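Number of protein chains: 2
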Amino acid sequence: MPELRKDPIVGRWVIIAHERAKRPHDFRPDPPAAESPESCPFCEGSEERTPPEILAYREFGSRPNGPGWRVRVVPNRFPALKVEGSLQKRGDGIYDMMAGIGAHEVIIESPRHHKSMATLGEDNIREVLWAYRDRLNDLKRDNRLVHGMLFKNVGAAGGASLEHTHSQLIVTPIVPISVWEEMTGALEFFHYRGRCIYCDIVQQELAGEKRIVLDTPHFTVFCPFASRFPFETWIVPKAHSSHFEEIPKPAVDDLGHVLHQVLGKLEMALDSPAYNYIVHTAPFDHAGLPHYHWHIEIIPRLTRVAGFEWGSGFYINPVPPEDAAGFLRDAEVTAGPHNQEPSPTHARTPQTQPLNR
Amino acid sequence: MPELRKDPIVGRWVIIAHERAKRPHDFRPDPPAAESPESCPFCEGSEERTPPEILAYREFGSRPNGPGWRVRVVPNRFPALKVEGSLQKRGDGIYDMMAGIGAHEVIIESPRHHKSMATLGEDNIREVLWAYRDRLNDLKRDNRLVHGMLFKNVGAAGGASLEHTHSQLIVTPIVPISVWEEMTGALEFFHYRGRCIYCDIVQQELAGEKRIVLDTPHFTVFCPFASRFPFETWIVPKAHSSHFEEIPKPAVDDLGHVLHQVLGKLEMALDSPAYNYIVHTAPFDHAGLPHYHWHIEIIPRLTRVAGFEWGSGFYINPVPPEDAAGFLRDAEVTAGPHNQEPSPTHARTPQTQPLNR
Numbered sequence: 001m002p003e004l005r006k007d008p009i010v011g012r013w014v015i016i017a018h019e020r021a022k023r024p025h026d027f028r029p030d031p032p033a034a035e036s037p038e039s040c041p042f043c044e045g046s047e048e049r050t051p052p053e054i055l056a057y058r059e060f061g062s063r064p065n066g067p068g069w070r071v072r073v074v075p076n077r078f079p080a081l082k083v084e085g086s087l088q089k090r091g092d093g094i095y096d097m098m099a100g101i102g103a104h105e106v107i108i109e110s111p112r113h114h115k116s117m118a119t120l121g122e123d124n125i126r127e128v129l130w131a132y133r134d135r136l137n138d139l140k141r142d143n144r145l146v147h148g149m150l151f152k153n154v155g156a157a158g159g160a161s162l163e164h165t166h167s168q169l170i171v172t173p174i175v176p177i178s179v180w181e182e183m184t185g186a187l188e189f190f191h192y193r194g195r196c197i198y199c200d201i202v203q204q205e206l207a208g209e210k211r212i213v214l215d216t217p218h219f220t221v222f223c224p225f226a227s228r229f230p231f232e233t234w235i236v237p238k239a240h241s242s243h244f245e246e247i248p249k250p251a252v253d254d255l256g257h258v259l260h261q262v263l264g265k266l267e268m269a270l271d272s273p274a275y276n277y278i279v280h281t282a283p284f285d286h287a288g289l290p291h292y293h294w295h296i297e298i299i300p301r302l303t304r305v306a307g308f309e310w311g312s313g314f315y316i317n318p319v320p321p322e323d324a325a326g327f328l329r330d331a332e333v334t335a336g337p338h339n340q341e342p343s344p345t346h347a348r349t350p351q352t353q354p355l356n357r
Numbered sequence: 358m359p360e361l362r363k364d365p366i367v368g369r370w371v372i373i374a375h376e377r378a379k380r381p382h383d384f385r386p387d388p389p390a391a392e393s394p395e396s397c398p399f400c401e402g403s404e405e406r407t408p409p410e411i412l413a414y415r416e417f418g419s420r421p422n423g424p425g426w427r428v429r430v431v432p433n434r435f436p437a438l439k440v441e442g443s444l445q446k447r448g449d450g451i452y453d454m455m456a457g458i459g460a461h462e463v464i465i466e467s468p469r470h471h472k473s474m475a476t477l478g479e480d481n482i483r484e485v486l487w488a489y490r491d492r493l494n495d496l497k498r499d500n501r502l503v504h505g506m507l508f509k510n511v512g513a514a515g516g517a518s519l520e521h522t523h524s525q526l527i528v529t530p531i532v533p534i535s536v537w538e539e540m541t542g543a544l545e546f547f548h549y550r551g552r553c554i555y556c557d558i559v560q561q562e563l564a565g566e567k568r569i570v571l572d573t574p575h576f577t578v579f580c581p582f583a584s585r586f587p588f589e590t591w592i593v594p595k596a597h598s599s600h601f602e603e604i605p606k607p608a609v610d611d612l613g614h615v616l617h618q619v620l621g622k623l624e625m626a627l628d629s630p631a632y633n634y635i636v637h638t639a640p641f642d643h644a645g646l647p648h649y650h651w652h653i654e655i656i657p658r659l660t661r662v663a664g665f666e667w668g669s670g671f672y673i674n675p676v677p678p679e680d681a682a683g684f685l686r687d688a689e690v691t692a693g694p695h696n697q698e699p700s701p702t703h704a705r706t707p708q709t710q711p712l713n714r
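In order, the protein sequences belong to chains A and B. Going by this note's numbering, the first residue of the first sequence is number 1, and it counts up by one from there. Going by this note's numbering, the first residue of the second sequence is number 358, and it counts up by one from there.
Don't read these hints as lab results, they were simulated from the structure. Every value quoted in this text rests on a predicted model; they were computed, and no experiment measured them. Check before you lean on any hint, since a few could be wrong.
[Claimed, not checked] In the EDC-like style, the derived pairs of lysine to aspartate or glutamate whose C-alpha atoms are separated by at most 16 Å in a straight line are:
| id | chain 1 | residue 1 | chain 2 | residue 2 |
| --- | --- | --- | --- | --- |
| 1 | A | 140 | A | 253 |
| 2 | A | 6 | A | 96 |
| 3 | B | 567 | A | 92 |
| 4 | A | 210 | B | 449 |
| 5 | A | 82 | A | 142 |
| 6 | A | 238 | A | 253 |
Excised from the complex, chain A in its bound form (with noise of 0.2 Å):
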C-alpha cells in the first residue's frame, strides 16, 4: 500500500510508493516510448490490455471493453494510490501520515493512435471534458476523498510513458500544495479587496493585451505575468468558478475549441514540445467559494535547466511572458476536420525531437 507522507515543516504531502519501490540500479532511461498502433493499450481492439473499463462514451449497441467508444477511462495499471482500504491517519512523533488511498486513472482520449490532443477534433476534445466532469463528480462522493486532480504529459520529457493520447486524474485525500497555496493566497486578497483575484487578473490582462494568446466568449488565455517557465500558459474561464466540474455546456464546448487553438499553437510555435498541462480545481469538501476560481496551467517543457529551481521554488524565466505570447498570437492553426486522421508526417517518436528535454 502506498503511503502519504505529510512534511512537517511546509506541510507538502508527497506518496512513498512503496509498491513502486526502485533499488539503485533501476534507474536507467525507459525506453521510447515509440509503440506502433498494434502495440499500444490504448488503440481501439486493445481493450482487454487494459484494465476494465471505469467509464466510457460508445457507440449504440457497442459493449464494454470492446471497440465502439470514443473516450474510455480505465484504471491507472500502475496507480500511484489504491482506492480500497480506510485512511488510517496516524502520526509518529512530529510526523504525520496516512494509506495512500484514492484514485488514479487514466482518460484514453481517442480510439485511434493520435498522438496529441491537438490533433484531435473539438467535437472529441469536448468529450474529453465531459469525462473529465463525470469522473470528478463520481469520485467526490467518496467521503475520503478531498480533491481531484486532472494533468496531462505528453512527450518523454514531459514524463508520459505511453505516446497514444491520454489525460490521468489523481483524487487525493488530501489538498495538493499548490492548490492550497493558491487558495491561501486568494483567500487573503480576496480578505483584502473583497473580489476573486483571478477575476481581478483576467480584467487586467484583458485590459493590457500584451499577454494575451486568445480571448473567446467564456475563456482568457495568457502567458502570465510572473511565469515560471518559458510558454507557460493559463486557461482561466471569464465566469467565476471555482469548481471545474460545474462547468457548463457553453463554455464546455468553448473549451474544446480553446484547447485545440492553444495546444496547436504550442505546437506550431515550439514544434511539438513535451509539455504538461494541470487543471486547478477548490477540493470537493468546499462548497463554491467566492475566492477561488478553476483554470488550466499548460507548462512546455522546454528548458533542461531546472537546476536548483526544483529545490529552491525560485525560477529564472528567459522568455518574458509578452515575448511568448506574441509568438503564441501568431502562431496560426488551421481548423482540422472533426476526426482528423493522425498523419503519418507526425510518426516522429517524443526521443527524436530536438526540443523534448
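Fit chain B to the known structure of chain A by using the hints.
What follows is chain B alone, placed relative to chain A:
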C-alpha cells in the same frame, strides 16, 4: 536589465531574464559539456577566460587572475541578476515588480579539472565552504540584498553547462519562496511548541535511526521522512543556527568530511548521478532566528518523470527514504588523498551516463 516579478496569488518571485531572451527556435539541447581541460575556462591557466575574480584563496606570491589559486570566485558570465542599479520597486495594477538587482557568482572549487566535488580532498572542500561564508558576509553588507542562495548543479540533467566542479551563489533582494515557506512553517511550529522544528526532526531521526545516512559530531545526514525525490538527502547541523555564514570552524572542518562522504556515497550508490544541492539559510535582514535552521538539501536527478509534479507540487516518490538511506549507508567511500588527481577513468561526459535523465 532582468526583472523580478511577483506572482500575485502565491507570492512567488521569479526572474524574467529579458537579456537572455530567447525565440522559440532557440530551445535546442545544448551541446554536451564535455570540454577538455585545455578548453575549460575554469582550469588553472585559463583565468583570463572568466570575468575578473572577486575572491581567490591563493598561494603566497601568486597574482590575481593568474595561476596559483586553490578556490576562486568569479561573476557568472551570464548573470541572472545585475549588481548595478537601484531596485525601482513598483506596481502595475495587481502586479508587483522590481529591477533584477543582485549578485550571481561562480565558486570554482579546484584549479584542476575535477568533475565532482566528491573527488576533491576534504581540505579542498573546506576551503569551498569558507568561500561560501566569505562571499555571504561580503554581500550581506549591501542593504539592497536580503538573501543568498548557494547551490550546485551537477550533470546535464542537473542544469550544469560546464563539468568542471563549481557552485553558484545568487543573492537577491527578495526571499525565495522555498525559504519563505520553510520559515513560515517553522515559525508556526515555534509558536505552538516553543522549539525549532529542525532540532526536533534531528532528534527524532537520530532516535529512529532508519533514515540516517551519516551521523558526525556536528551534522546529521538523513533522507527526509516526506522525501519528494528518490535519494533526497538533507545535511542538518546539530547545533541550532539559522544562518550558514555563522558556521563555526569545527563545523566547517566536519562539513568538509561530511560532504566528501555523502556526495561520494551518492556517486557510489547511483553511478555518478546528476544532482543539485542547495544551502537553505535565513535572510540577511534577520538576526539569529530561534525557529529557523540552516541546512543543505541534496536532490539527485534520477527520475525523468517530473511530469505534473513541477506544476502541482504533488510528488510521487518511488523510493521510500528508509530504503534510500539504507543504500547510502551501505555505500562505502574510501577516504582519498587530500588532493586526489582527476582520474582518467572518470572521463565520461555527463551526456553519456545512463543516470543523467
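Outcome of the hint check:
no. : hint           : result
1   : 140/A to 253/A : 24 Å, violated
2   : 6/A to 96/A    : 6 Å, holds
3   : 567/B to 92/A  : 13 Å, holds
4   : 210/A to 449/B : 13 Å, holds
5   : 82/A to 142/A  : 13 Å, holds
6   : 238/A to 253/A : 14 Å, holds
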